[in-house]
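K.L.:
Sequence lines, in order, name chains A and B.
Each residue of the first sequence is one higher than the one before, counting from 803 in the numbering used here.
Each residue of the second sequence is one higher than the one before, counting from 183 in the numbering used here.
Hints may contain errors.
Interface residues of chain A toward chain B, partial, derived using beta-carbon atoms under 10 Å [stated by the list, open to error]: (1) R819; (2) E823; (3) Y825; (4) V847; (5) G850; (6) A851; (7) E852; (8) Y853; (9) D856; (10) L858; (11) I861.
No wet-lab data here; the hints were simulated from the structure.
Quick reminder that beta carbons are idealized off the backbone N, C-alpha and C, glycines included.
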Amino acid sequence: MKLITAIIRPEKFDEVRGALESYGVQGLTVSAANGYGRQRGHTEVYRGAEYVVDLLPKIRIEVLATNDQVDDIVDVLISSSNTGRAGDGKVWTVNVDEAVRVRTGERGNAAV
Amino acid sequence: MNAGDTAWVLVSAALVLLMTPGLAFFYGGMTRAKGVLNMMMMSFGAIALVTVLWVLFGYSMAFGTDIGGGLLGNPFEKLGLNGVLGTGDSATLVGTIPEIAFVGFQAVFAIITVALISGAIADRAKFGAWMLFAGIWVVLVYFPVAHWVFDFNKDAEGNNIGGWIGQGLGVIDFAGGTAVHINAGAAALALALVLGKRLGFGKDPSHRPHNLPFVMLGAGLLWFGWFGFNAGSALAANATAGLAWINTLAAPAAATLGWLIVEKIRDGHATSLGAASGAVAGLVAITPAAAALTPGWAIVLGILAGAVCALAVGLKYKLGYDDSLDVVGVHLVGGLIGTLFIGLAANEGSPAGVNGLFYGGGFELLGKQALGSFAVLIYSFVVAFIVGWIINKTMGFRITEEHEVNGIDISVHAETAYEFGGRVGSAFHPLDEALRARHVEAPIETQIKVES
Chain A
803 MKLITAIIRP EKFDEVRGAL ESYGVQGLTV SAANGYGRQR GHTEVYRGAE YVVDLLPKIR
863 IEVLATNDQV DDIVDVLISS SNTGRAGDGK VWTVNVDEAV RVRTGERGNA AV
Chain B
183 MNAGDTAWVL VSAALVLLMT PGLAFFYGGM TRAKGVLNMM MMSFGAIALV TVLWVLFGYS
243 MAFGTDIGGG LLGNPFEKLG LNGVLGTGDS ATLVGTIPEI AFVGFQAVFA IITVALISGA
303 IADRAKFGAW MLFAGIWVVL VYFPVAHWVF DFNKDAEGNN IGGWIGQGLG VIDFAGGTAV
363 HINAGAAALA LALVLGKRLG FGKDPSHRPH NLPFVMLGAG LLWFGWFGFN AGSALAANAT
423 AGLAWINTLA APAAATLGWL IVEKIRDGHA TSLGAASGAV AGLVAITPAA AALTPGWAIV
483 LGILAGAVCA LAVGLKYKLG YDDSLDVVGV HLVGGLIGTL FIGLAANEGS PAGVNGLFYG
543 GGFELLGKQA LGSFAVLIYS FVVAFIVGWI INKTMGFRIT EEHEVNGIDI SVHAETAYEF
603 GGRVGSAFHP LDEALRARHV EAPIETQIKV ES
């Protein structure tokens with residue numbers, strides 16, 4: 803099993819979620835996040851005074867996947883969140899030792 | 183007495199009162215979310231305090247019979263508005279309106295002048311110290327200066343017994359470029375120096391305005407009220423009021439363009455804060471000149487004021503004083519531009535009836551305008567600095583660092599402006615004893631009905 807984490811543009815969230823559901827992903831966790839990548843943030847000007855806003859709002863999506871689904875889900879995430887512009891975000895995966903469905907106690911792939 | 187004139191001045195007075203809550207929004211939106219209530223409270227505090235002082239003896243100090251040299255009205259003559267009441271033929275008049283209507287119209291000028299100062303000390307002044315300062319400053323500075331500028335009394339033989347600037351020197355200040363804007367701006371500069379900078383001034387990105395729609399709303403209310411401020415200053419429903427009204431439309435419109443053009447060239451963006459600020463800068467500048475300029479010159483003045491004020495607000499970063507919401511950059515600078523511009527572009531055909539430099543009037547009027555401006559500027563600055571300094575050395579003018587970091591709203595007023603939910607570790611305790619007993623006794627399940 804793997805945990806897929808994706809940092810995406812907030813405005814792409816609906817599209818990404820739709821693509822994941824179409825693929826057959828049954829559940830996901832979403833949180834609001836702030837951060838920056840290579841493009842850094844932006845500058846705001848108030849009465850001539852500049853304020854640098856480095857931390858930009860992003861959406862963080864976490865999906866638990868079985869090993870045979872991982873590559874497909876990563877592809878779905880990338881293709882649905884890509885705009886080709888700086889600030890599109892990042893997707894990464896990590897190994898997961900165990901997953902348990904709290905309601906039934908099912909373990910492993912059955913819990914995903 | 184003229185009923186039409188009276189009606190117009192009473193309506194104008196109400197319009198001008200609305201400017202102070204408008205100012206509260208204008209200023210409140212520019213502060214951080216944790217200081218918006220304090221910012222608005224300083225304006226509402228000015229309404230409460232200045233009104234009471236005005237009725238008790240302020241009006242008499244400003245418009246009582248001169249007690250020497252055009253410097254001050256007799257504070258005891260019209261104590262508690264004694265002697266200005268009366269109905270029908272027994273009513274005392276100012277021009278064609280009852281004096282009591284004039285009392286109200288002038289009261290709201292005193293209020294907003296004091297409220298304007300508060301923009302310089304956002305987020306860091308003890309509320310009690312502010313109220314004490316406001317009370318002392320309005321007595322020592324505003325009431326006398328209103329006499330200097332706005333009292334046009336003559337005695338029975340026609341000798342001048344009015345104020346030394348307006349009546350004596352002949353300075354043109356239609357609605358208060360000197361008495362209101364230069365006066366407030368100079369006091370604001372003094373207080374900014376006495377109090378020092380906010381923590382993180384010029385560095386902390388959270389100092390940016392927390393609610394720009396408030397700023398736009400406030401600027402809109404200010405502009406609306408300003409028609410009463412300027413056109414009402416004709417003290418009659420006549421052509422002078424009409425000209426002042428049109429100039430109050432034209433100059434701020436042009437100033438908005440002036441400010442936005444500077445922003446676009448300098449910063450790359452025309453901003454909403456710039457549009458609101460430009461409008462206010464234009465309103466400030468046209469205030470003294472509303473009945474002395476043709477609408478064409480009002481537009482020139484507006485563009486000039488908008489552009490210069492847009493540049494002037496950056497001075498605080500260069501010079502290192504924290505005039506938080508730019509009272510100096512907008513009101514002092516805008517007031518000076520408008521008052522001095524009269525010396526250039528006033529013309530005989532206007533209700534003011536005097537020629538400036540451009541119309542062959544020479545430097546005489548310009549000199550008078552400069553003298554009046556700088557007299558008020560210096561007097562207000564010096565007295566505000568001394569009063570502020572004494573308050574700071576005795577009761578202290580600033581809140582503690584800890585309170586400033588936590589936010590002045592919660593530490594000084596025990597309130598916060600916004601509830602976003604999710605405040606961890608908070609609890610509700612009713613102040614009423616019986617209610618508290620029931621609240622504590624009742625198990626939580628009976629208080630909150632849970633849908634199953």
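K.L.:
Would you mind marking each hint as holding or not holding in the structure?
P.N.:
Hint check:
{"no.": "1", "hint": "R819", "verdict": "24 Å, violated"}
{"no.": "2", "hint": "E823", "verdict": "28 Å, violated"}
{"no.": "3", "hint": "Y825", "verdict": "33 Å, violated"}
{"no.": "4", "hint": "V847", "verdict": "4 Å, holds"}
{"no.": "5", "hint": "G850", "verdict": "5 Å, holds"}
{"no.": "6", "hint": "A851", "verdict": "7 Å, holds"}
{"no.": "7", "hint": "E852", "verdict": "8 Å, holds"}
{"no.": "8", "hint": "Y853", "verdict": "4 Å, holds"}
{"no.": "9", "hint": "D856", "verdict": "9 Å, holds"}
{"no.": "10", "hint": "L858", "verdict": "13 Å, violated"}
{"no.": "11", "hint": "I861", "verdict": "19 Å, violated"}
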